[in-house]
Amino acid sequence: MDFSISDEEQLVRDTAADFARALRERSREAETNGVHEQLQAQYAEMAFESLDWPEAHGGAALSPYLKSLVVEELSYGCAGQMLGLEPRALVQYAIAALPDGDVKAALYADISGNAPRTLAFYIDAEDRLTVDANRIQGTIPWVPNSSADALVVVKQQTFYLVTSGFELNAVLPCGLQAAGASEVLVNAQAEQAIELAPDAVARMTAQVRVYLAAALIGVARASLDYAFSYTEEREVFGQKIAHHQGIAFKLAEMAIAIESARMLVMQAAFALESGPGDSEAALALIQATEMSLSVTIDGVQLLGGHGFVKDHLVEKWMREARTLSLMFGGRDGAAIDAEAAGISNWGFAAA
Amino acid sequence: MNLNVPEKITSMTRMISWLGKEYFRPLGMEADRTGNPVPPDSELYFKLAEMGFQSRIKIGKKPKTDGDDNKPRKAGWGARTGVMIGEEASYWDRGVAVTLPGPGLGGPALQKMGTQEQQEKYLTPFLDTSQPRWGAFGMTEPGAGSDVARIVTRCEQKDGRWILNGEKAFCSNSDRADWIVIWATVDPTQGRAGHRAFIVEKGTPGLSIPRHEPKMGLKAYASCSVLLENVELGDEHLLGGPEYYEGREGFKGAMKAFDATRPLVAAMAIGIGRAAWDHTRQVVAENYDLSRPIPRYAKIRAKVVEVKRRLDAGKLLSWRAAWMADHGIPNTVEASYAKAYCPTAAIEAVSLCLDIIGDAGIRNDQFVEKLYRDVKAMDIVEGTGQIQRRVIARRRFGYPGQ
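So the protein sequences, as listed, match chains A and B.
According to numbering that gives the first Met the number 0, the residues represented by the first sequence are 0 to 350, in order.
According to numbering that gives the first Met the number 0, the residues represented by the second sequence are 0 to 401, in order.
It should be emphasised that the hints constitute simulated quantities derived from the structure, not laboratory data.
Honestly, I wouldn't trust all of these hints.
If you want the ones that stay clear, here's a sample from chain A, every Cβ over 10 angstroms from chain B, calculated [to be verified]: (1) SER3; (2) ARG12; (3) ARG23; (4) ALA29; (5) ALA40; (6) GLY57; (7) ASP109; (8) ALA192; (9) PRO197; (10) GLU231; (11) LEU282; (12) LEU312; (13) GLU314.
Now the in silico label distances, taken between C-beta atoms and shown as ranges [said to hold, decoys possible]: (14) A:ALA104 with B:TRP76: 45 to 53 angstroms; (15) A:ALA196 with B:ALA297: 26 to 34 angstroms; (16) A:ARG12 with B:GLY190: 14 to 22 angstroms; (17) B:THR9 with A:LYS309: 51 to 59 angstroms; (18) A:ASN113 with B:GLN385: 56 to 64 angstroms.
Residues of chain A placed beyond 10 angstroms of chain B at every Cβ, according to the derived structure [stated by the list, open to error]: (19) THR14; (20) THR31; (21) GLN244; (22) GLY274; (23) ALA349.
Everything numeric in this text was worked out from a predicted model, so none of it was measured.
Just so you know, even glycine gets a beta-carbon here, dropped at the ideal spot from N, CA and C.
For reference, chain A alone in the conformation it holds in the complex (with noise of 0.2 angstroms):
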């Protein structure tokens, strides 16, 4: 029962406090010009998207905890900016996933190195895609992408690399435009077709819910904060619109729900040290998902008028959280595997 964080801990979460501002200042433009290169050679020079990969594959081996608190402050500072700047952290809890050996090995020094190829990865939680002797068909309606070197897609318990034979097309998508936005085409035989342990996809996915919980986090805590500092400014009826109590208790219950977020994602990254926590990460999801909606949308509507156009960010945050919320199967998908979770793990099943 130690809620505190290390000295080193602390400095890498300021580090990414500080280039988080960075990213916020860039916010509207990144929209549509993307991550800058600056930005991006700076970013490769931190090395944090490879903060919680293991030592033996070029990362840091720092905790999934660490791992979630720099990802909540790159979303206070740009989630989309963050998916573009990093565009291999996600892909990489696959890899991490296969059994030792070769195509492991090779996988990882593609994502390593000076000069890292793009993995696009989707996890086929709606079945989109359909496998005939390891042929992959299908549209991907999105993802975080403008161009990909290979695809990964992981359909049940197989994960399938294609290298070939698929196409991205832009789309325009509800938010972290930042990051690029593609649908794949695919029509293509997997180069390689790898049967997963059962245990690797839990943790994989567990691992993905906990980065898109913790990044939901700070798109959450921007809106408040901004919400905040703008009805703390404007004034109606005689008062900072902050001071009426309906508007006070409003952000106080903003500020409880994000709270209560933190403290499932903090009880996932804690399971993910010793165990798969599987049904931890979907309980997380689950909570920032309902959170985030909520208070993102609150942080538009507190702005009023304003919340609406595009002078002020709390838009750009509702349409963050909604589309983070719709990854990787989304709070469906993690309601469905914390029900199965939940009836096996906590003694609900028939005797």
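Using the hints, position chain B against chain A.
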């Protein structure tokens, strides 16, 4: 960050768990059926007294600072141990947990404000392990709950004596207490600056307990009205003596920078929720095969997850606020996050459990309906949910609070 509970705490919660199963749960169910509080001569209380439960008090320890202690202090485990024990005790029966012998809320008031003589006189009897004893605390009035500055119970000085007149409400355990710390005011227009605290002994002429409030739940303890009619006291009954109140612009008896009480009540709510969860789990395991594709079972599976999610988030909020208190990190806002979140989360959790059990859950012998009635109090005591929002709004968002 480490969320494991250390053995030094689990060894204590195991003891509470044993007592809970043997005594708390059956006594609480009995009280709920009869509407009568657990009698003061219950075997449980003698057992606890014998175990030294009421005797773990420090006498004569003067507070380092008064009211506003912003100095960092050495990390302890008190608050974290408190929330764990509170959660476990409430898991078995929160109503019975309130009746456990000891000085109660009057204890901290005596230790913080009381003179050496007062502490010796009123706390020493608790060291006797042969007899359970209680203290009580009376601040709330019929016309003043959340806003304690509005209390109107008067204390007037007359010929060197104090005369108290007024009425206190929801004064837990005062039916069995040796003494009650009663808050009164020399002048209601002065707000907190006019407050004085008195130790009123059982049997003092003019002190009476006209009624026990009939409550929706938590019937195991008596919430009493306390009537003070021309109760005459000397300075030896004025908590801290006259000098304590000199030159003070009021004191923050109840508001502290390191708050362990609100996380505790938050954890108690979670304990009640966990009791519903465990009972529901048994009902489900015995009656439903959730792997079957029955539409209602799909709803049940979803609700199981909802319950777990709320209880886990709440538990961690209370733990974190307690951890901060243990480390002398000001936790006013975090304590309010926990206190605002946990009770409503627990109410929803218990309610969802009733959905899962269905109409059978309405029956009193099904136990969860009792928890539904019990748990609501957690959003009211120790600062209502609205007061917590007010605290957060003031501390974090600069809300002036008019």
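Verification of the supplied hints:
The Cβ of SER3 of chain A sits about 7 angstroms from the closest Cβ of chain B, inside the 10 angstroms cut-off, so the non-interface label is violated. The beta carbon of ARG12 of chain A sits about 12 angstroms from the closest Cβ of chain B, which is more than 10 angstroms, so the claim that it is off the interface holds. The Cβ of ARG23 of chain A lies farther than 10 angstroms from every Cβ of chain B, with a closest approach of about 21 angstroms, so its non-interface assignment holds. With a least beta-carbon separation of about 30 angstroms from chain B, ALA29 of chain A lies farther than 10 angstroms from that chain, consistent with its non-interface assignment.
Every Cβ of chain B is farther than 10 angstroms from the Cβ of ALA40 of chain A; the closest lies at roughly 32 angstroms, confirming the non-interface assignment. The claim that GLY57 of chain A is not at the interface with chain B holds, since no C-beta of that chain comes within 10 angstroms of its own (minimum 25 angstroms). With a least CB separation of 32 angstroms from chain B, ASP109 of chain A remains clear of the 10 angstroms interface cut-off, as annotated. With a least CB separation of 30 angstroms from chain B, ALA192 of chain A remains clear of the 10 angstroms interface cut-off, as annotated.
Consistency note on PRO197 of chain A: stated as away from chain B, and its beta-carbon is indeed over 10 angstroms from all of that chain's, at 17 angstroms minimum. With a least beta-carbon separation of about 7 angstroms from chain B, GLU231 of chain A fails to lie farther than 10 angstroms from that chain, contradicting its non-interface assignment. Once the 10 angstroms rule is applied to beta carbons, LEU282 of chain A is inconsistent with being away from chain B; the minimum gap is 5 angstroms. Consistency note on LEU312 of chain A: stated as away from chain B, and its beta-carbon is indeed over 10 angstroms from all of that chain's, at 19 angstroms minimum.
At roughly 22 angstroms, the least C-beta separation between GLU314 of chain A and chain B is larger than 10 angstroms, which holds for a residue marked as non-interface. The hinted range of 45 to 53 angstroms is satisfied by ALA104 of chain A and TRP76 of chain B, whose Cβ atoms lie roughly 46 angstroms apart. For the hinted restraint 26 to 34 angstroms between ALA196 of chain A and ALA297 of chain B, the CB-CB distance of approximately 28 angstroms keeps it satisfied. Between ARG12 of chain A and GLY190 of chain B the C-beta distance comes to about 42 angstroms, which lies outside the given range of 14 to 22 angstroms.
The given range of 51 to 59 angstroms is respected by THR9 of chain B and LYS309 of chain A, whose C-beta atoms sit roughly 54 angstroms from each other. Checking the proposed 56 to 64 angstroms range against ASN113 of chain A and GLN385 of chain B shows it holds: the Cβ atoms sit about 57 angstroms from each other. With 10 angstroms as the threshold on Cβ separation, the claim that THR14 of chain A sits away from chain B holds: the shortest Cβ distance comes to roughly 18 angstroms. Once the 10 angstroms rule is applied to beta carbons, THR31 of chain A is consistent with being away from chain B; the minimum gap is 34 angstroms.
The Cβ of GLN244 of chain A does not lie farther than 10 angstroms from every Cβ of chain B; its closest approach is about 8 angstroms, which violates its non-interface assignment. The beta carbon of GLY274 of chain A sits about 13 angstroms from the closest Cβ of chain B, which is more than 10 angstroms, so the claim that it is off the interface holds. Here ALA349 of chain A does not stay apart from chain B, with its beta-carbon only about 4 angstroms from theirs, under the 10 angstroms limit.
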